Amino acid sequence: MKIFITGATGFIGGHVARKLRERGDEVTALARTAEKGKPLGDLGCEIVIGDLADTAAIAEGVAGCDAVIHAAAIYEIGIPKSQRPAMYDANVGGTERVLRAALEAEVPRVVYVSTIAAFGNTRGKVVDETYEHPGSGFTSYYEETKYLAHRVAKRFVEEEQLPCVILQPGGVYGPDDHSQLGNLIGQYVSGKLPLIPFPDLGLNLVHVEDVADGVLLGLDEGGIGEAYVLGGAITTNREMLQAAAKVAGKQRGTRAMPSIALKAIAPLGPAVGPLLGFPPNMRELVSSSDGVTFWAKHDKAISELGYSPRGLESTIRDTMAAEGHLGA
Numbered sequence: 001m002k003i004f005i006t007g008a009t010g011f012i013g014g015h016v017a018r019k020l021r022e023r024g025d026e027v028t029a030l031a032r033t034a035e036k037g038k039p040l041g042d043l044g045c046e047i048v049i050g051d052l053a054d055t056a057a058i059a060e061g062v063a064g065c066d067a068v069i070h071a072a073a074i075y076e077i078g079i080p081k082s083q084r085p086a087m088y089d090a091n092v093g094g095t096e097r098v099l100r101a102a103l104e105a106e107v108p109r110v111v112y113v114s115t116i117a118a119f120g121n122t123r124g125k126v127v128d129e130t131y132e133h134p135g136s137g138f139t140s141y142y143e144e145t146k147y148l149a150h151r152v153a154k155r156f157v158e159e160e161q162l163p164c165v166i167l168q169p170g171g172v173y174g175p176d177d178h179s180q181l182g183n184l185i186g187q188y189v190s191g192k193l194p195l196i197p198f199p200d201l202g203l204n205l206v207h208v209e210d211v212a213d214g215v216l217l218g219l220d221e222g223g224i225g226e227a228y229v230l231g232g233a234i235t236t237n238r239e240m241l242q243a244a245a246k247v248a249g250k251q252r253g254t255r256a257m258p259s260i261a262l263k264a265i266a267p268l269g270p271a272v273g274p275l276l277g278f279p280p281n282m283r284e285l286v287s288s289s290d291g292v293t294f295w296a297k298h299d300k301a302i303s304e305l306g307y308s309p310r311g312l313e314s315t316i317r318d319t320m321a322a323e324g325h326l327g328a
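All residue numbers for the sequence shown refer to the numbering used here, where the first residue is 1 and numbers rise by one.
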């Protein structure tokens, strides 16, 4: 197949592009610059220079393709309000532009990579794809934009008959993960974080390779108009960090960092946050982490797509081994 992919210079999309090339697909990837696109070019991908605001570049990319995978998004929790317009334009506007281009080019198959964050805080429940976000009470601006982008994708399917499959990864982790999740694990295992922040934060932690496999399964086997959760281990911050310490053979503290202390220093976030390894908007960090659960089950992907994710300890072990942290 000839496939156009956005987000291939990012964490999930990069793994997807590599797997597509390994199985022989022709891949055209959107990249902001030739430098960012070079690793993809080395894989044999064709590069279209542009971003999610560049309608001409997107149209060039989708032309003549058998499928489109839209995986690009800005993922960050705790951004200052000044960065919100850029996040909205990328996550919501970008989704509108890519799906519109695919529709106009009559691309026969589209995959939109959403997130279980589009469900919002599940309040201790493990939900499935039928769950609906209430549309208010967002824990972060990222959550809000991905909720809105998810609605954009559903509108294209329901009102304009776009042949689209929606995939919803959980908290993605793996080698070369430079997200806040990866940084948190690294700080805790190295002993730089003696207290566990937000121990009851609920996650569905999934290896990036499993998500990439799930994207290909969704592309090949997913039902048009269907959504599929791509998860791994339903867990908490505490369980995740303790599993990481166990895998690394380290003895680390199990005491929780008092949330009340984080709330108290939140107004000083721009100055204090970076010193603690946290983002500048600590108010948003607290609201998206304190007692919040992002839990969704992936039974549908297992039964309908043949999805088969690995467990929590295996995910962490594979990652630490790849990054040379085991046995050190």
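Everything labelled a hint here was simulated from the structure, so no lab data went into it. Given the structure is predicted, the values throughout are model-derived calculations rather than measurements. There's no promise every hint is true.
Here are the simulated PhoX-like pairs of lysine-lysine, each with C-alpha atoms no more than 25 Å apart in a straight line [stated by the list, open to error]:
1. Lys19 <-> Lys300
2. Lys19 <-> Lys2
3. Lys192 <-> Lys250
4. Lys19 <-> Lys38
5. Lys300 <-> Lys246
6. Lys246 <-> Lys192
7. Lys125 <-> Lys154
8. Lys250 <-> Lys263
9. Lys192 <-> Lys297
10. Lys2 <-> Lys38
11. Lys125 <-> Lys300
12. Lys154 <-> Lys297
13. Lys154 <-> Lys300
14. Lys81 <-> Lys263
15. Lys125 <-> Lys250
Consistency of the hints with the structure:
The hinted pair formed by Lys19 and Lys300 meets the criterion: a straight-line CA distance of about 23 Å does not exceed 25 Å. Taking the CA atoms of Lys19 and Lys2, the gap is near 14 Å; set against the 25 Å cutoff, the hint holds. For the given pair, Lys192 sits about 13 Å from Lys250 by alpha-carbon distance, which is consistent with the 25 Å threshold. In summary, the hint linking Lys19 to Lys38 is supported, as the alpha carbons are separated by about 17 Å, within the 25 Å threshold.
Between Lys300 and Lys246 the alpha-carbon distance is near 31 Å, which puts this suggested pair outside the 25 Å criterion. Between Lys246 and Lys192 the CA atoms are separated by roughly 16 Å; this keeps the pair inside 25 Å, and the hint holds. Under the criterion of a C-alpha separation no larger than 25 Å, the hint pairing Lys125 with Lys154 is consistent with the structure, at around 23 Å. Pair hint Lys250 plus Lys263 does not hold up; C-alpha atoms about 29 Å apart against a cutoff of 25 Å.
At most 25 Å may separate the alpha-carbon atoms for a hinted pair to count; Lys192 and Lys297 exceed this at roughly 33 Å. Note on Lys2 and Lys38: the hinted pairing holds, with a Cα-Cα distance of about 19 Å set against a maximum of 25 Å. For a cut-off of 25 Å, the pair hint linking Lys125 to Lys300 stands: about 17 Å separates their Cα positions. Taking the CA atoms of Lys154 and Lys297, the gap is about 20 Å. The hint holds against a cut of 25 Å.
About 18 Å separates the Cα atoms of Lys154 and Lys300, which keeps this hinted pair within 25 Å; it holds. Distance check on the hinted pair: Lys81 and Lys263 sit about 18 Å apart at the alpha-carbon level, within 25 Å; holds. At most 25 Å may separate the alpha-carbon atoms for a hinted pair to count; Lys125 and Lys250 exceed this at roughly 32 Å.
When each numbered hint is compared with the structure, violations occur for hints 5, 8, 9 and 15.
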